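Residue numbers (my numbering), protein chains in the order written: chain H, 786 to 1083; chain Z, 119 to 417.
Some hints here could point you the wrong way.
[Stated by the list, open to error] Which residues of chain Z face chain H? A few of them, derived with a C-beta cut under 7 Å, are:
no.: 1; residue: 176
no.: 2; residue: 178
no.: 3; residue: 393
[To be verified] Calculated pairs, SDA-like style, for lysine to any residue (alpha carbon to alpha carbon, straight line, at most 25 Å):
no.: 4; chain 1: Z; residue 1: 289; chain 2: H; residue 2: 1042
no.: 5; chain 1: Z; residue 1: 208; chain 2: Z; residue 2: 322
no.: 6; chain 1: Z; residue 1: 326; chain 2: H; residue 2: 932
no.: 7; chain 1: H; residue 1: 837; chain 2: Z; residue 2: 144
no.: 8; chain 1: Z; residue 1: 211; chain 2: H; residue 2: 837
no.: 9; chain 1: Z; residue 1: 289; chain 2: H; residue 2: 1045
no.: 10; chain 1: Z; residue 1: 350; chain 2: Z; residue 2: 239
no.: 11; chain 1: Z; residue 1: 144; chain 2: H; residue 2: 928
[What the hints assert, rightly or not] Residues of chain H clear of chain Z, computed beta-carbon distances all greater than 12 Å:
no.: 12; residue: 812
no.: 13; residue: 853
no.: 14; residue: 910
no.: 15; residue: 976
Just so you know, the hints here were simulated from the structure itself, not pulled from any lab data.
Please read these numbers as outputs of a predicted model, since none were measured by experiment.
By construction, the Cβ of each residue, glycine as well, lies at the ideal position given by its N, Cα and C atoms.
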Amino acid sequence: MASTGIIENQFLETELNVSAKRTETLFKILFMFMAGLLILPVLIILTTLVVKGSSMISFEFLFGNPTNGMTEGGIFPALLGTVWLVGVALVISVPVGVAAAVYLSEYAPDNWFTRAINLAIINLAGVPSIVHALFGVGAFVIFFGFGTSILAASMTLAVMTLPVVIVATRESLQAVPHAFREACWNMGATRWQTIRRVVLPNSVSGILTGVILEVSRTTGETAPIMFTGAAFFIPVLPESVFDQTMALSLHLFVVSTQVPHVPEALPYGVALVLISMVLLMNSASIALRMHLRGKKKW
Amino acid sequence: MKFGRIITLSVITTLAISGQSLAANKLIQNKGSDTLVNVAQAWAEEYPNVNPDVTVAVSGGGSGTGIAAMINGTVDIANASRQMKKKELKSAKDSGQNPVEHVVGYDALAVFIHENNPANEFSFNQLGKIFGRGGDATKWSDLGLTVPGCDSDKIVVVSRQNNSGTYAYFKKAVLKSAARAGIISKGSFRQGTLDMHGSKDVVDLVEKTPCAIGYSGLAYATDHLKLACISKEDGASCVSPSVATASDRSYPIARPLFMYTNGEPQGAIKEYMDWILSEAGQCILVNKGYAPVRDVNCP
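Make a model of the complete structure from these sequences and hints.
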């Protein structure tokens, strides 16, 4: 009888086991709580915007011109301006970024030149947006003579977001298994044929991630466009890339800090439209990405 | 072929866009003073109804920003709530610009306090003590006041960023005068003021802060603030800020508002400037809370 008792006791938890388990649970809950905290700001921001701003949203608000000293009317010139700015920035940065990433991933040997480029990309990503803005004024507005225009603003945005596109593209190119390339080369295909037929089609979903990130960032940026192409107020819609334009992000800044006697809901309405635009574009791109990923063959 | 086609297409599109002639409409670039920006916006909003062929693009940023843009030659009209300094005029000349000054209106610079603040009037010397470096009023009790809701008793001094024309004018008109009277040693702002980035920020802050005092253009005043009555000399009768008292120059801190053009204005810019100074243009200015340059009968 006594001997079985000893055997049973071997499986009983010791004091040490119990305390270790308790600590384990404690830390698990603590970490979970911290992770859960991340949702909090998102929820608070969205709820506040919807509660305070949704009363503003109407057809006239989205598609009308601002009137009465920008305290009434709509935001269409700003909305359209943001679409222009983001669109032109994409047209510039995606070809350049993807081409640069293809070179770095598929062609570049590991030498000082490649390392210098990589260092430049990392540093470019770390430059604050206001510095990009001043660079944009000096380079595009004055030196290249584009003036304050959509072109100058979009180029500034493009320079700012290039690192995102390059890094995301390079990573997704490198995620394509090396065996795919080798198989292709063994069939006598050139590097460019391999890239076009095998590597790029298989990495499109990753490249899109970079583009998504770029779009979200450019839509909300204010500093880089403030001096290079966005105006406080302009009564006409932009017609070419050499025109100045209003932009949603700057309009939000203006109606919340510069214009007196603005109804309280107006800035919230503008912010709600801005954030909805970003979320909408993000979801569309994510849906496209999932669709493309479903076609992946490995 | 797909990628090649996309690249060719984008190149063609870019060329087509850049080849397109600049819009037939004349564009006037107008930039500068945050005090003037809302009137400038109202003018730009109305002007297409007067002349549909001309578009006015308005940007803010402060008088300094507008003047710098005039020196760079990147604007047609620079707005400023102060005159250009000699140094600025010189650097404009050096870069081939010839700024010509136009007074387009007057602005009463109001001193704001919280609506619960029992104070009603301030003299230049008192303002000097509050705002000036070395001034001896740092608590409301130093002025013999008890402000409800201001438990710390400390005066929260609200000012503007130093490229603001409002900042420069307040310093020149009020602090220099107090310095001449010997109230403060130098006519400069004290350390530790809260420097706001726009007139509206000043108003918003003072509205919410019982301990605060600030200044801005009268046009930014709201119903939730008290506008102090201002006297130039201690004991003299004070004048409240209003469009009327700014127009007849009886309010002591009223200042001219300027627009600078490069050379004497011509063509579309001249027409725009003439319209601004016409009865129609000046009435828009009056509606925004500024004083006109001449007598007008506004509806």
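Here's how the hints hold up against the structure:
Taking 7 Å as the C-beta cut-off, the interface hint given for residue 176(Z) holds, the closest approach to chain H being about 4 Å. Hint status for residue 178(Z) relative to chain H: holds, with the closest Cβ pair at about 5 Å, below 7 Å. Contact between residue 393(Z) and chain H, as hinted, is not supported at the beta carbon level, the nearest pair being about 15 Å apart and thus beyond 7 Å. A C-alpha spacing of about 23 Å is found between residue 289(Z) and residue 1042(H), which places the hinted pair at or below 25 Å, so the restraint holds.
As the CA atoms of residue 208(Z) and residue 322(Z) are separated by approximately 37 Å, the hinted pair breaks the 25 Å bound. Our distance criterion of 25 Å between C-alpha atoms is broken by residue 326(Z) and residue 932(H), whose separation comes to about 41 Å. The hinted pair formed by residue 837(H) and residue 144(Z) fails the criterion: a straight-line CA distance of about 40 Å is larger than 25 Å. This hinted pair does not check out: residue 211(Z) and residue 837(H) have alpha carbons roughly 51 Å apart, beyond 25 Å.
Restraint check: the Cα-Cα separation between residue 289(Z) and residue 1045(H) comes to about 24 Å, which is no more than 25 Å; the hinted pair holds. Of the pairs offered as hints, the one joining residue 350(Z) and residue 239(Z) holds, with about 11 Å between alpha carbons and a cut-off of 25 Å not exceeded. Proximity of residue 144(Z) to residue 928(H) is assessed by CA-CA distance (about 23 Å); at most 25 Å being required, the pair is judged to hold. With a cut of 12 Å on Cβ distances, residue 812(H) stays outside the contact zone with chain Z, its closest approach being about 42 Å.
Consistency note on residue 853(H): stated as away from chain Z, yet its beta-carbon is not over 12 Å from all of that chain's, at 8 Å minimum. Annotated as non-interface, residue 910(H) keeps its C-beta farther than 12 Å from every C-beta of chain Z; the closest such distance is 25 Å. With a cut of 12 Å on Cβ distances, residue 976(H) stays outside the contact zone with chain Z, its closest approach being about 14 Å.
When the structure is compared with the earlier hints, violations turn up for hints 3, 5, 6, 7, 8, 13 and for no others.
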